[in-house]
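Number of protein chains: 2
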Amino acid sequence: MSLLVVGSIAFDSVETPFGKAETALGGSALYFSYAASYFTHLRLVGVVGRDFPMVALDEFKRRGVDCSGVEVADGDTFRWSGKYEGDMSVAQTIETKLNVFGNFQPKIPAGFRDSRFVFLANGAPTTQMAVLKQMDKPDFVVADTMNLWMRIAKPDLLNLLKNVSGLILNDEEARELSGQRNLIRAGREILKLGPRIVVVKKGEHGAFLFSEFVQFALPAYPTDDVKDPTGAGDSFAGGFMGSLAAAGKVTLSTLKRAMAYGTICASVNVEDFSFAAMRRTNREQVDRRFEEFLQFIQI
Amino acid sequence: MSLLVVGSIAFDSVETPFGKAETALGGSALYFSYAASYFTHLRLVGVVGRDFPMVALDEFKRRGVDCSGVEVADGDTFRWSGKYEGDMSVAQTIETKLNVFGNFQPKIPAGFRDSRFVFLANGAPTTQMAVLKQMDKPDFVVADTMNLWMRIAKPDLLNLLKNVSGLILNDEEARELSGQRNLIRAGREILKLGPRIVVVKKGEHGAFLFSEFVQFALPAYPTDDVKDPTGAGDSFAGGFMGSLAAAGKVTLSTLKRAMAYGTICASVNVEDFSFAAMRRTNREQVDRRFEEFLQFIQI
Numbered sequence: 079m080s081l082l083v084v085g086s087i088a089f090d091s092v093e094t095p096f097g098k099a100e101t102a103l104g105g106s107a108l109y110f111s112y113a114a115s116y117f118t119h120l121r122l123v124g125v126v127g128r129d130f131p132m133v134a135l136d137e138f139k140r141r142g143v144d145c146s147g148v149e150v151a152d153g154d155t156f157r158w159s160g161k162y163e164g165d166m167s168v169a170q171t172i173e174t175k176l177n178v179f180g181n182f183q184p185k186i187p188a189g190f191r192d193s194r195f196v197f198l199a200n201g202a203p204t205t206q207m208a209v210l211k212q213m214d215k216p217d218f219v220v221a222d223t224m225n226l227w228m229r230i231a232k233p234d235l236l237n238l239l240k241n242v243s244g245l246i247l248n249d250e251e252a253r254e255l256s257g258q259r260n261l262i263r264a265g266r267e268i269l270k271l272g273p274r275i276v277v278v279k280k281g282e283h284g285a286f287l288f289s290e291f292v293q294f295a296l297p298a299y300p301t302d303d304v305k306d307p308t309g310a311g312d313s314f315a316g317g318f319m320g321s322l323a324a325a326g327k328v329t330l331s332t333l334k335r336a337m338a339y340g341t342i343c344a345s346v347n348v349e350d351f352s353f354a355a356m357r358r359t360n361r362e363q364v365d366r367r368f369e370e371f372l373q374f375i376q377i
Numbered sequence: 079m080s081l082l083v084v085g086s087i088a089f090d091s092v093e094t095p096f097g098k099a100e101t102a103l104g105g106s107a108l109y110f111s112y113a114a115s116y117f118t119h120l121r122l123v124g125v126v127g128r129d130f131p132m133v134a135l136d137e138f139k140r141r142g143v144d145c146s147g148v149e150v151a152d153g154d155t156f157r158w159s160g161k162y163e164g165d166m167s168v169a170q171t172i173e174t175k176l177n178v179f180g181n182f183q184p185k186i187p188a189g190f191r192d193s194r195f196v197f198l199a200n201g202a203p204t205t206q207m208a209v210l211k212q213m214d215k216p217d218f219v220v221a222d223t224m225n226l227w228m229r230i231a232k233p234d235l236l237n238l239l240k241n242v243s244g245l246i247l248n249d250e251e252a253r254e255l256s257g258q259r260n261l262i263r264a265g266r267e268i269l270k271l272g273p274r275i276v277v278v279k280k281g282e283h284g285a286f287l288f289s290e291f292v293q294f295a296l297p298a299y300p301t302d303d304v305k306d307p308t309g310a311g312d313s314f315a316g317g318f319m320g321s322l323a324a325a326g327k328v329t330l331s332t333l334k335r336a337m338a339y340g341t342i343c344a345s346v347n348v349e350d351f352s353f354a355a356m357r358r359t360n361r362e363q364v365d366r367r368f369e370e371f372l373q374f375i376q377i
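If you're matching them up, the sequences are chains P and X in order. The opening residue of the first sequence carries number 79 in my numbering; numbering runs sequentially from there. The opening residue of the second sequence carries number 79 in my numbering; numbering runs sequentially from there.
It is worth saying that the hints were derived from the structure and are not from the lab. Keep in mind that this is a model prediction, so the values were computed, not measured. Some hints here could point you the wrong way.
What the hints assert, rightly or not - Subject to a maximum C-alpha distance of 27 Å in a straight line, what follows is the list of computed BS3-like cross-link-like pairs (lysine-lysine):
1) K334/P with K98/P
2) K232/X with K334/P
3) K305/P with K270/X
4) K270/X with K327/X
5) K215/X with K98/X
6) K232/X with K211/X
Could you put the whole structure together from the sequences, leaning on the hints where they help?
This is the structure in structure tokens:
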């Protein structure tokens, strides 16, 4: 079924103990798109500046990503620089220049408004809500968010949560949003805020899925080769939403498989900088890793 | 098959955000025994002081724990006091009085020496090794250890590792022993030190199993009711070794089930102070929780 992602397109400069990348392609919408395109065609809405080489989108187009919703605005493309140290579980931001992303008012092309699956990558809750208002009634909308919005736009975030099917966030964000230290309680509290499902990502410790009737947990894929965690959360979301959209329905079974495919996409992505690891990994290899992962977790 | 545990018997005074227990029964060998006794009869070797009310062992005897290896020594029983704050992931020790446990030289009763499964709870590696030397050739010996021994008795620990089938330790200990931050690498490095299997416990994040050919991971049981984490690791070990001993063989299948039973026993134990939660939970309830857990993790 049709899948839409709205989020950032960025240039990232990243340093980790294993190397660095300067002004590499990144951003939530691109990481999401790369991962989701293993499973389905999708539609991308984002903004770039005049400095952006549009040819960089060709790779995405070849993977079945409709980039006709990428707007070119006056100014420079969003830039982020950061580094990871030690166990690389937390990024230290060196500089964030929102540039054109700071004034981004997503315009959903008419041909995208019938998308059945929608992913609202991290952004201001009012902006995420403005996207939803442009859509025909989608079947399954999942939003990402971050601590910043809990602090400066809590009422808007709470309003958004009443209008989405799912929320995806990391463990610290789940604790902050719910006020609960115990993640199981945190997940249940967030369900009360509106979404039918909540996915809590725990990095190297895997992920939880909460819904009214079912809880589900996965460890991370056992990789010993983490070079750059940038985009791990968005490639998880891409694998998750991409495989759900490909399945065309949201059931306990498709949700569980989606959690595992999200895990696999994140595990591939972190093995190199920018999109390098996903670029050298095809769908067959993703499926092989999925099968290995089942062996790793099944009793 | 016959199972032996050698470890500590203690009085614990514990404070957590959910209450406190004063001079409550504890110690690695007792937590292990309580959990293992869901699955099998077992043999206990430990030491208590003259202050110990031997009647406290009656409960264990009724559960099928042969306590004839519990030695009474001149002096007081091992006492530990500590507290847990915040997310309760780490115990803060207030006071440790080893008392009679400080000079413990375990003597394995003649009738225990043919035990096929042996668990060496945390203790000095030379003491653990001295236990092994008294045994007829056991089939499957698992040792627990801690950072202290890596720092003050590394050669003895390395020697022990060449003589055991398995090592069980927590994530920080695995990182310290291996010098690897990545836990997957850490597990593989520890395998090279001798044991055929390594179990890495990650508390609320579950546990890993490493062996030469197979890796396996489990999330923790999704409990929202953690009152006191004391003994979680030892009750995990008790469920793990107890279910293996009951199965009578160590295969990939029995190991995976043992990991899950260890997870379940730990999840029961942390729901109350001392043995209170295990005391009110019968085998049928353990099995029901095991089945729920399978639902929680199976795709």
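Given pair status - K211/X, K232/X, alpha carbons within 27 Å: With Cα atoms ~19 Å apart, K232/X and K211/X stay inside 27 Å; holds.
So if I understand the rule, the pair passes when the alpha-carbon distance is 27 Å or less; does K215/X with K98/X pass? 43 Å, violated
K270/X paired with K327/X [C-alpha distance capped at 27 Å]: Between K270/X and K327/X the Cα gap is close to 23 Å, so the pair holds against 27 Å.
Do the alpha carbons of K305/P and K270/X lie within 27 Å of each other, as the hint requires? 24 Å, holds
Proposed proximity, K334/P with K232/X (alpha carbon, max 27 Å): It is violated: about 43 Å lies between the C-alpha atoms, which goes past 27 Å.
Need the status of pair K334/P, K98/P: alpha-carbon distance at most 27 Å? Violated, at roughly 34 Å.
In summary, the numbered hints that this structure violates are 1, 2 and 5.
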